[in-house]
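Enquirer: What follows is the residue order along each chain.
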Amino acid sequence: MSESNSATESKNSGIKKIDDQGILKGVEGLTPEKIESVIQQVITNETGARLKVYVDTCVHCGLCSKGCHYYLSLNDPKFSPAGKVKQTLAEIMQKKGKVSPEFIKQAAVIAYTQCNLCKRCAMYCPFGLDVAYVMSVMRRICHKLGVVPLYIQDTAHSHSVTMNQMWVKDDEWVDTLMWQEEEAQEAFENLRIPLDIEGADLFYSVIGPEPKFRAQLIFQAAVIMNAVGENWTMPSMPGWDNSDMCMFTGDYEMMERLKRCHFESALNLRAKRIVMGECGHAFRSVYDVGNRALGWRMPPIEIIHAIDYFNELFEQNRIKIKKKFDTPVTLHDPCNVSRGRGLHDKARNLVNATCSNFIEMVPNREHNYCCSAGGGVINCGPPFKNARVESGKEKARQLLEAKEKGAKVVIAPCHNCHGGLEDIIHHYNVGMELKFFGDIIYEILDLP
Amino acid sequence: MINCDSWDWDKGKKEVGKFSDWREKFSYIEDISFSPDGEKIAAIVKNEDMEFTVSTQSEGAEPETWETGYDKVWNLRFGPDGRLSAFVSDTGEWKVSTDDNTWENGYDFIWNMRFNKSGVIAVSAQKELSYCAIINDVPWENEFSKLTDMVISPDGQSSTAVIESIPVLEGEIFKFRGGCYSVAVNGDAWDRNFMNVWKPSFSDDSSHVAASVRTSYNDYYIAVDGKTWDTPFSSVWEPCFDPNSQSVIAPVKRGGKWFLAKDGAIFWDRPYFQLWHQIYSPDGKRIAAIVAPEFGRWTLAIDNTPWQITFSDYLTDPIFSHDGRLACIFKDRGRWGVAVDGKAWDSIVDMAWIPVFSNDGDNIAVKVKKDGFYHIALNGKILDTKYEYIENPIFSPDGSTILIRGCQGGSYNRDVISIKGGFSYA
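Protein chains in written order, with our numbering: chain A, 1 to 448; chain B, 1001 to 1426.
So here's chain A without its partners, still in its complex pose (with noise of 0.2 Å):
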């Protein structure tokens, strides 16, 4: 990247020392007018009562502090959860929006990279006050006053310009799924990456750094489709990529239009459902918030997350394979497909369903902690990597934990967990192997 920051953050700090382009730069030409305009804006005609309850409510009892992955790996008040809204939204709404381009720079950081927007503080509140909504609400302000983390803005840039978040263009998309068909046909003759079939039963859609960096995920999932005879596709143009960026830095209006291209791409080619790759964030996006934003209760097309279909594969008997994978594995829940979906079981039925030795991380399923990677943060890049390592302290015990217990290999079906968890395992030596249930699945499918 070229207006690139150096990473020199200061250790435990986040906020002591700021070195990210897109913050500093970004609040050089703010003004105090500017700022109360803005935040004026956006309490009143975007968040109504739900923001004044959440942030009057909170009586300050530390609850949330335990539910939290940050304060918990770093002990310091600053990083619970009510400190964070103490920081930020509350003392925007005490002064009536009258903060200055400083407190928007400390804001920003807070609310980009030091809340995972986890939701599991939401459980841990006696009120469920949900103090992910208030950090979304502080990253929509931050968005429209321009100060967003470098990474992360280039990310949502490439959004709105190539509809993925990795700017993969459109003849890069259809050439590395050929590429990746090619590949396969050396091994399974005539496999195919059908495109833009018109009414097939699944239209399956990834996100932008499978086709950018893991290209092997698309050729295990093609070949996973042909063994179970799927009747699928996926489309060559834009409307490929589920994830959403842009739902984190807060450009809603973005949001809409990705979620609405990735919709229509389906939906014009009349698939029953879609089907998507392991991954977390997206799922949010198409399940919870971009659908609802471009005003449907729940998506227009069914949509299922892979653990989902991989699971429903075993349950029907559509998939055989040659033995269980027998290495012994742990599961990493990610937040939004388990607290936000309650995937958490399904996983456990694929987990038993293809491994023969599974050992559980401890709290689990909903209770699972975050991998410090989620809501953007790994997005955020190098000026924040040292901060996120170290607020996956708490995480890394746990792996640990497992590790003692014998687990060799951590399933995690979420690309940022991927991310996260690799840079944990990598800073605390902890010394386990990360695997998607793709490859998993790959690994022990008996083919013909």
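Hints were generated in silico from the structure; no laboratory data involved. Heads up, a few of these hints could be off.
[What the hints assert, rightly or not] For lysine-lysine, the following DSSO-like pairs were computed, each having C-alpha atoms within a straight-line distance of at most 27 Å:
| id | chain 1 | residue 1 | chain 2 | residue 2 |
| --- | --- | --- | --- | --- |
| 1 | A | K34 | B | K1257 |
| 2 | B | K1175 | A | K34 |
| 3 | B | K1370 | A | K272 |
| 4 | B | K1175 | A | K17 |
| 5 | B | K1072 | A | K212 |
| 6 | A | K96 | B | K1257 |
| 7 | B | K1257 | A | K52 |
With chain A held as given, fit chain B onto it using these hints.
Expert: Using the frame of chain A, we list chain B on its own:
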């Protein structure tokens, strides 16, 4: 518009081809499709040398394979004029081949095949990381570092696309905010740059282009021939031209609700939770659009009056008949159906495609899927005949018969039936 005056409209069924013939001849067959007149079927296959190529079959004849084989073939399509085109690649060079005649110019990649109504072909192309559009083998003179959303004009003489007018590198977020994107028409960029541009479209006479743009994160406009409307909105969807004038209409968002605007001013003053896919009636006098009058309920509005009936899941493919009737496809509680002039057909199906009106507007036929088989639904009732595959139905010019192109028991048949009755219904 397909010109079908000269087609065979005599009632009766013809077998155009048999899948078993193809299976016997080819080790690899992709999806078989029909020509618009139903006289021919075609698919991508592998020839004896295991090269990708294309084969076609007509009634009473063996499958006939293109002479040329390729490393790769994709996007096989019949144009509205009945010609068969595909993207073909040899030694890494991509071209368009139409009826086995290959274009002269080759590219590192081509995609997004677009036809105008008479079958002129435009494609997007990339060579040495420079991008342009091509019409009938003639590329734009100017190339760009990025190109998206290419479309061809109604007269087939022009193409337009969103282009990166100022090269911007990944991570250059402040340069990006300054505006690095524009619209090019036949390779000539508008003289103004924007933060983003989406979905340019031509006027009916092909002489003007309008697009959605944003100049900042908070200011969205419609731009016409490079000039923005005076008023910004918090968001906009793609515009379209009035067929009778150079006016432009577009959905615009203000205060969290959607409205229809015309030439920059609010035109439909009723706020909607959503509004998109606006269309003009053929005479240009009426406008319909997909709207959500309340959160989670979808319907069509015509001249700013929503139908009484609303649907929970989805609404698509609004279409006017020549005489001004209005139909669409809906999805409600997981099932699909057809709605015409504010009333839903009783028949509910697993999937439905775009409604097709007869020229006089009296009859409507729809390709539908139910219980795993395709059918034709006619005027609200599903015909009993089942197909493993069908194309959209086409009415004869006089509206008395329908051409059905479908596959039954592995036979690809062209069937012309009278609409006057004698059907069994599913």
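Enquirer: All the hints need checking, so say for each whether the structure fits it.
Expert: Results of checking the hints against the structure:
no.: 1; hint: K34(A) - K1257(B); result: holds (24 Å)
no.: 2; hint: K1175(B) - K34(A); result: holds (21 Å)
no.: 3; hint: K1370(B) - K272(A); result: holds (12 Å)
no.: 4; hint: K1175(B) - K17(A); result: holds (25 Å)
no.: 5; hint: K1072(B) - K212(A); result: holds (22 Å)
no.: 6; hint: K96(A) - K1257(B); result: holds (25 Å)
no.: 7; hint: K1257(B) - K52(A); result: holds (22 Å)
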